[in-house]
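Novice: Sequence:
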Amino acid sequence: MSRATRVLQQVAAHCLHYPDDELYSRIPLLRRCLAELPARQVGEIASVLDHFEQTAPVDAARHYVDVFDTKPGRCLYMTWYTDGDTRRRGGSLAAVKSTYRQHGFQLADGELPDYLPILLEFGALAGKPGLELLARFRQGMELLHSKLSAIDTPYTAVVGTVIATVPQSPAALPADTRQSTEQVGLEPVLLGYPTVRPLEATR
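Mapping the sequence shown onto numbering that gives the first Met the number 0, position 70 (from 1) lands on 69, and the numbers just tick up by one.
There could be a bad hint or two in this list.
[As the list claims (entries may be wrong)] Think about it this way: if two alpha-carbon atoms lie no more than 20 Å apart in a straight line, the pair counts; the simulated SDA-like pairs of lysine to any residue are: (1) K70 with S168; (2) K146 with H62; (3) K96 with A107; (4) K96 with G109; (5) K70 with S148; (6) K146 with K127; (7) K127 with V6.
What the hints contain is simulated information worked out from the structure, not anything from laboratory work.
Generate coordinates for the entire structure from the input sequences, incorporating the hints supplied.
Specialist: Next comes the structure, spelled out in structure tokens:
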């Protein structure tokens, strides 16, 4: 994986988080990171940084919730797109978490492993294994991108830029989420910044 891809995935991971004070404080750093990359690779991801700078934090937060937390088809939890709201999803979440641990990373307590910003950070840090994991969810990202394209939001550009960094994978198994409606009590939660990190850093 190229350095440019790693940087793009890290920037996208931050941009897809809930826009709190910490994210706002990182905007200058994120712009500097993008400025180091070729324009053809950056695409339109900078538009979401413009959105943050031109929007009051309370309004940016309201927009984020409206986009990602009110419609299941626009959520950032990637196993929803492969398993829907079924019992299979629990096994898929466990498999993703196991992949992190197999490559020397772990999540902070309370975080769901399929949250797209966390998957992106793992991709940027782990290289090939991270890219392979992201590829399993590429079709879910495409479904998310399609839904975002139907509304007025700068997050469409972020997800589109992410998709361009992720290869196709024969292991990707998208579910027909219209039929996956078995309720199992798995509810999305707003998490903090990605904290997937090398295990040795926690010892």
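Novice: Hint compliance check: list the failing hint numbers for this structure, sorted ascending.
Specialist: 1 and 6
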